[in-house]
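Chain by chain, the residues:
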Amino acid sequence: MAIPKVCGIETEYGIMVRGADNNPVTASSLLINSYLAAHTRQRVSRIGWDFEDERPGNDARGFSLDDALAPEIETHLVNAVLTNGARYYVDHAHPEISTPECRDALEVVAFDRAAEEIVRLSMTAARQMLPDGAEILCHKNNSDGKGNSYGCHENYLLSRDTPFGRIVAQITPHFVTRQVVVGAGKVGCELPGASADDVPFQISQRADFFEEEVGLETTLKRPIVNTRDEPHCDASKYRRLHVIVGDANMSEVATFVKVGATSIVLAMIEDDVMGDDLVLANPVGAIRAVSHDPTMQRTLMLKSGRRATALEIQWSILERARKYERSHGLESVGDDVGADVLRRWEAILTGLERDPDSVADVVDWVAKRRVVEGFADRHGLRPGDARLKALDLQYHDMRAEKCLATKVGLQTIVAAHTVASAITEPPTTTRAYFRGRCLQKWPLDIVAANWDSLVFDVGRDPLRRVPMMEPLRGTAEHVASLIDDSDTAAELLARLGA
Amino acid sequence: MAERTQKQKPTTTGRTDEEVVDAPASTATGEKLKAELDDLLDEIDDVLETNAEDFVKSYVQKGGQ
Numbered sequence: 013m014a015i016p017k018v019c020g021i022e023t024e025y026g027i028m029v030r031g032a033d034n035n036p037v038t039a040s041s042l043l044i045n046s047y048l049a050a051h052t053r054q055r056v057s058r059i060g061w062d063f064e065d066e067r068p069g070n071d072a073r074g075f076s077l078d079d080a081l082a083p084e085i086e087t088h089l090v091n092a093v094l095t096n097g098a099r100y101y102v103d104h105a106h107p108e109i110s111t112p113e114c115r116d117a118l119e120v121v122a123f124d125r126a127a128e129e130i131v132r133l134s135m136t137a138a139r140q141m142l143p144d145g146a147e148i149l150c151h152k153n154n155s156d157g158k159g160n161s162y163g164c165h166e167n168y169l170l171s172r173d174t175p176f177g178r179i180v181a182q183i184t185p186h187f188v189t190r191q192v193v194v195g196a197g198k199v200g201c202e203l204p205g206a207s208a209d210d211v212p213f214q215i216s217q218r219a220d221f222f223e224e225e226v227g228l229e230t231t232l233k234r235p236i237v238n239t240r241d242e243p244h245c246d247a248s249k250y251r252r253l254h255v256i257v258g259d260a261n262m263s264e265v266a267t268f269v270k271v272g273a274t275s276i277v278l279a280m281i282e283d284d285v286m287g288d289d290l291v292l293a294n295p296v297g298a299i300r301a302v303s304h305d306p307t308m309q310r311t312l313m314l315k316s317g318r319r320a321t322a323l324e325i326q327w328s329i330l331e332r333a334r335k336y337e338r339s340h341g342l343e344s345v346g347d348d349v350g351a352d353v354l355r356r357w358e359a360i361l362t363g364l365e366r367d368p369d370s371v372a373d374v375v376d377w378v379a380k381r382r383v384v385e386g387f388a389d390r391h392g393l394r395p396g397d398a399r400l401k402a403l404d405l406q407y408h409d410m411r412a413e414k415c416l417a418t419k420v421g422l423q424t425i426v427a428a429h430t431v432a433s434a435i436t437e438p439p440t441t442t443r444a445y446f447r448g449r450c451l452q453k454w455p456l457d458i459v460a461a462n463w464d465s466l467v468f469d470v471g472r473d474p475l476r477r478v479p480m481m482e483p484l485r486g487t488a489e490h491v492a493s494l495i496d497d498s499d500t501a502a503e504l505l506a507r508l509g510a
Numbered sequence: 191m192a193e194r195t196q197k198q199k200p201t202t203t204g205r206t207d208e209e210v211v212d213a214p215a216s217t218a219t220g221e222k223l224k225a226e227l228d229d230l231l232d233e234i235d236d237v238l239e240t241n242a243e244d245f246v247k248s249y250v251q252k253g254g255q
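Residue numbers (our numbering), protein chains in the order written: chain A, 13 to 510; chain B, 191 to 255.
Be a bit skeptical, because a hint or two may be false.
Stated by the list, open to error - Here are the simulated EDC-like cross-link-like pairs (lysine to aspartate or glutamate), alpha carbons at most 16 Å apart as the crow flies:
1) Lys315/A - Asp288/A
2) Lys419/A - Asp228/B
3) Lys414/A - Glu221/B
4) Lys453/A - Asp473/A
5) Lys453/A - Asp497/A
6) Lys419/A - Asp235/B
Since the hints were made in silico from the structure, they are not lab data. A quick note: this is a predicted structure, and the numbers were derived from the prediction, not measured.
Work out the full structure, taking the sequences as your base and the hints as a guide.
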């Protein structure tokens with residue numbers, strides 16, 4: 013049976029400074045340090061990220077490029093761990109937040125929304141550190157419209173027993189076609205030579221940037237399936253599928269269905285019920301063809317020789333998921349959450365087929381396109397007009413008063429108090445609980461943290477590393493009373509036998 | 191072309207009438223959204239960056255992952 017689909021999202025935010033020096037690396041550091049100083053007990057990012065076990069160069073196909081990739085890890089940049097179990101850091105030239113490990117798609121939505129609020133709080137806090145009138149602007153998007161892209165990555169726990177070749181073959185049709193459900197929409201096209209008249213509006217932010225079917229890269233020649241083999245847990249038992257092909261969503265329902273549907277498809281692949289009949293003849297060509305066609309009429313060539321539209325392939329995957337629900341159940345993704353994912357996924361496909369505008373309250377690209385086309389009609393604007401691109405950017409603007417996504421009537425599925433709580437409280441359902449609670453209770457005794465360990469310094473003794481190699485150990489059920497009953501970190505370590 | 195099969199309508203296996211009725215994608219939602227869009231377009235002139243062209247031009251990011 014499929015193992016529990018522990019999951020999470022990492023988002024790189026667009027950043028620019030107005031009214032002061034616009035250096036994105038400095039600005040990202042300032043943004044994060046301002047948040048830490050104003051809203052946490054950490055003065056700056058005193059608790060370091062522990063890179064001991066990081067191996068971003070390991071390839072799931074069985075080799076390592078770690079030496080070649082080593083300069084990518086810039087340990088001197090700000091790198092903080094938050095009490096909600098998340099990581100908040102500077103990656104390349106962007107502020108990035110990784111949600112804590114979550115047990116299901118609904119938790120991911122809560123922590124992804126909390127991440128947005130953390131960025132908003134950071135922008136406000138940073139104003140105090142900048143000259144009068146200067147401000148840092150952040151956007152939850154994936155491209156600047158000029159050929160520069162940055163990611164919103166998803167992560168899913170898989171069994172090491174699942175052959176990687178099967179994962180690549182069977183998840184690719186979903187990655188190529190799920191855009192019609194969860195694409196964030198983009199004004200214009202960033203392929204060399206394409207004009208605004210060729211592609212005035214497309215479904216995905218990211219599709220223009222994918223050049224390979226499978227590979228280790230994340231910053232150039234991006235592959236549809238990324239092979240980074242760095243599970244951040246027991247590598248003899250688990251894989252972590254690092255998904256780089258998605259858009260950052262503003263719609264909560266889109267994030268929910270993106271993570272939920274992909275979790276279900278991966279569970280089906282693990283249980284080997286997905287099959288190879290949807291394999292595409294040319295996935296890289298297809299991912300762009302789907303994105304560039306908001307009418308959703310274009311057909312894709314399958315390896316079998318059949319042709320099908322992205323919507324038809326999505327229907328076919330959904331039908332398999334329904335059948336899987338009946339034959340295997342959805343325990344691996346959470347029974348109730350899984351059932352809700354299937355219901356919403358189907359409602360979106362139905363709406364897209366009959367009247368796309370009817371799903372403008374849940375599908376980001378449809379919501380954005382309505383605003384852009386409505387505005388162009390009203391003012392008689394041609395494709396390529398800067399005001400249309402400004403609308404696109406502002407859809408993702410993290411300033412509450414400027415953000416168009418918060419004004420277009422998107423449904424919400426996570427209550428405001430749940431989001432507020434997720435800013436500081438970890439999930440109770442994964443090892444992130446142990447990480448978050450320890451950081452809340454003993455911030456001065458923890459010198460380093462990463463996904464699979466915490467390092468304590470309790471004075472007299474050498475540093476003590478507590479390994480957390482099992483994503484589903486260290487939950488509230490396992491350790492809440494242990495933490496509650498320990499007055500000091502030393503006491504906790506004694507009880508743990510560490 | 192031999193390899194090219196007839197374009198198929200989406201299959202309906204597993205989709206019952208009941209489920210379709212349950213889908214929230216109704217015309218009423220569509221009309222409500224249309225009215226809201228008109229209101230939103232009224233509002234956008236105030237919300238849109240005052241100098242959209244400069245804003246778009248200055249929005250340059252370093253590539254990330």
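**Report entry** Violations among the numbered hints
**Finding:** Numbers 3 and 4, in rising order.
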